[in-house]
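Chemist: One-letter residues, chain by chain:
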Amino acid sequence: MSFAGHYSYFVTILLLMVGLFIVIARSSLIKKLVGLGLFQTAVYLLYIAPGKLIGGVAPIIGDAFEVYSNPLPHVLILTAIVVGVATLALGLALVVRIKEAYGSIEEEEILALDADDELRTRNRS
Amino acid sequence: MLNQHLPILLVVVPLLAAPVIVLLRHSLPSWLMATVASIATLAIALQLHQQVVSEGVISYAIGNWPPPLGIEYRVDAANAFVAVIVALIGVFVMPYCRRGVAPEVRAEEHYLFYAMLMLCLSGLLGILLTGDAFNLFVFLEISSLATYVLIAMGRDRRALVASYQYLLMGTVGATLYVIGIGLLYLQTGTLNLADMALRLPTMGDPRATLAALAFITVGISLKIALFPLHLWLPNAYAYSPSAVSAFLAATATKVSIYVLMRYFFTIFGETVVFDARHTGVILLALSLAAMFIPAVVAIFQTDVKRLLAYSSVSQIGYITLGISLHSVGGLTAALAHLFNHALTKGGMFLVLGGVVLRLGGSALDRMAGLGRTMPIAAFAFVIGGLSLIGIPGTAGFVSKWYLVTAAMEEGQWWLAGAVMLSSMLAVIYVWRFVEMAYFRDPPEGHPPPGEAPLSLLLPALLMIAACVWFGLDASWSGGMARLAAEALAGGWK
Chain A
1 MSFAGHYSYF
11 VTILLLMVGL
21 FIVIARSSLI
31 KKLVGLGLFQ
41 TAVYLLYIAP
51 GKLIGGVAPI
61 IGDAFEVYSN
71 PLPHVLILTA
81 IVVGVATLAL
91 GLALVVRIKE
101 AYGSIEEEEI
111 LALDADDELR
121 TRNRS
Chain B
1 MLNQHLPILL
11 VVVPLLAAPV
21 IVLLRHSLPS
31 WLMATVASIA
41 TLAIALQLHQ
51 QVVSEGVISY
61 AIGNWPPPLG
71 IEYRVDAANA
81 FVAVIVALIG
91 VFVMPYCRRG
101 VAPEVRAEEH
111 YLFYAMLMLC
121 LSGLLGILLT
131 GDAFNLFVFL
141 EISSLATYVL
151 IAMGRDRRAL
161 VASYQYLLMG
171 TVGATLYVIG
181 IGLLYLQTGT
191 LNLADMALRL
201 PTMGDPRATL
211 AALAFITVGI
221 SLKIALFPLH
231 LWLPNAYAYS
241 PSAVSAFLAA
251 TATKVSIYVL
261 MRYFFTIFGE
271 TVVFDARHTG
281 VILLALSLAA
291 MFIPAVVAIF
301 QTDVKRLLAY
311 SSVSQIGYIT
321 LGISLHSVGG
331 LTAALAHLFN
341 HALTKGGMFL
351 VLGGVVLRLG
361 GSALDRMAGL
371 GRTMPIAAFA
381 FVIGGLSLIG
391 IPGTAGFVSK
401 WYLVTAAMEE
411 GQWWLAGAVM
421 LSSMLAVIYV
431 WRFVEMAYFR
441 DPPEGHPPPG
451 EAPLSLLLPA
461 LLMIAACVWF
471 GLDASWSGGM
481 ARLAAEALAG
491 GWK
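Residue numbers (my numbering), protein chains in the order written: chain A, 1 to 125; chain B, 1 to 493.
Do not rely on the hints blindly, as some may be mistaken.
Okay, derived cross-link-like pairs now, SDA-like style, lysine to any residue, Cα gap no bigger than 25 Å in a straight line [stated by the list, open to error]:
hint, chain 1, residue 1, chain 2, residue 2
1, A, Lys99, B, Leu112
2, A, Lys52, B, Arg199
3, A, Lys52, B, Val138
4, A, Lys99, B, Gln165
5, A, Lys52, B, Met203
6, A, Lys31, A, Met17
7, A, Lys99, A, Ile24
To be clear, the hints were calculated from the coordinates, so they are not data collected in a lab.
Excised from the complex, chain A in its bound form (with noise of 0.2 Å):
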């Protein structure tokens, strides 16, 4: 169990933990899929990392060669990515249609002025 040897671990998971901290802790939308992003990278890295064999190439059969690095993680990673920009993308556009509804995008602005319309609508009834 050496630092160095798992190195690429403690920075996935240093990685995690500051992405999902941003997301609970910042108020600001766009701020919080910044951290969903670096949440979603820190995965990758998870993957990628355990593919790489040291001395090892590109999965060709040749005489010379005798250690081979895996390629599938870095296609499952390549589809994962794809999915990540996709997210970030929706996530993106709902953030302008909320500002353009609310006039913020301050969480707890957007969940004050909810409040304020609850409590107008029951006051009405």
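Using the hints, position chain B against chain A.
Modeler: Below, chain B alone, put in the same frame as chain A:
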């Protein structure tokens, strides 16, 4: 010849319908296309279920690449059963959309609405059929992204915030799931679920398996809205268009429950999940909390859609309670409740959609005198409510009966009492509607709204009728649930 390609057709038909709808652009042809696609989907699902029941597990190699290297679709009695539920709800919701969506979604966005509904259906069916862990994640995201868009189409601006919150929580959940399968892949070197199920027991019980189990359980539980991870659900159901509330309440969480069952019983196996550690006890505690706390919250809601949403969280508790018993009886109860609750809650949301169309809102106090102004809708809603409570003669009773029997087989008599008590809470929140609809006068000065249009009322009434039908004759639903439970518990052999 076509028969052997049914597993992939089930996913591809709605997936192809979506871009075709985007090209059609006009509201009526897109609706027709979506309806045809959903009927085709149901036909395929029923045929597939028939095949599985008579001939056993179907393995379909995508692109003819043999598994475990290629992606495999694997159909057994369990996922075929849930696929029939999802496709059935799709067919019920589609005719409703034509009139139901018009006042809630802008006319120029109708074709996008149908395209998203098709993508969502395709994603959900993909999750069910696929035998590949990563493929499952991709379908999970396809259905989730479509769901976020559908929720945001609600006309209330709070729909946007609800959708955004669901996007955050849903993505965190899906990412946790990816971490989990990453850890499993690192250990076993395979993403094929059946292959993984074979290799995991040879690994012993290392800590990485435990971590993977934890990540997958929490990630999928977020999608299930298992208490206390349900915070996204009430707003998402309350502010989305009525047809979407009905579709999601009946399908989305149910599919995630299937995924959890699959991982617990087929991939990790009962010994790792339940015998070696206290997963069962934790799940039991969370299920009990879900049966009581959201039910109490539901009692205090002033909006009927939110009331139903909280009731959904509470009903999910019954399903996970069945899982936590980890017996075939418990799983049968869970799967039967999955089916019965999908019919009940889907039907109630559809009835409510018609009411909202006439009254202009879903606040409880608007429903005053509904028993006189909209007698059919109010009566149908009450029948649905009785099924939520679990009155004999409705579908809800059948699955609660299974649940109580399963709990007694395990010697957990006190659980029967807990189910009864929690049903009492359901009586209270259903009663709040009954009191408002039947014991208050309709507001004066307004012309009586009249019944909802027939195209809205008919699918809703059919679903409520099905709920009574399967309450009186549970031989089909109960039998299929039992077969599915045995398939899950038996593993992929």
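Chemist: Take a quick look at whether A:Lys52 and B:Val138 sit within 25 Å of each other, Cα to Cα.
Modeler: holds (24 Å)
Chemist: Between A:Lys52 and B:Met203, is the straight-line Cα distance small enough, at 25 Å or below?
Modeler: holds (22 Å)
Chemist: Given the proposed pairing of A:Lys52 with B:Arg199, does the C-alpha separation stay at or below 25 Å?
Modeler: Roughly 23 Å separates the two Cα atoms, so the pair holds.
Chemist: Just to be careful, I want the Cα atoms of A:Lys99 and B:Leu112 compared with a cutoff of 25 Å; is the pair within it?
Modeler: Satisfied, since the Cα-Cα distance of roughly 22 Å is no more than 25 Å.
Chemist: Between A:Lys31 and A:Met17, does the CA-CA distance stay at or below 25 Å?
Modeler: holds (15 Å)
Chemist: Checking one constraint from the list: CA of A:Lys99 to CA of B:Gln165, max 25 Å. Satisfied?
Modeler: holds (15 Å)
Chemist: So if I understand the rule, the pair passes when the alpha-carbon distance is 25 Å or less; does A:Lys99 with A:Ile24 pass?
Modeler: Distance of about 20 Å is within 25 Å: holds.
Figure legend: structure checked against the earlier numbered hints; every hint is met.
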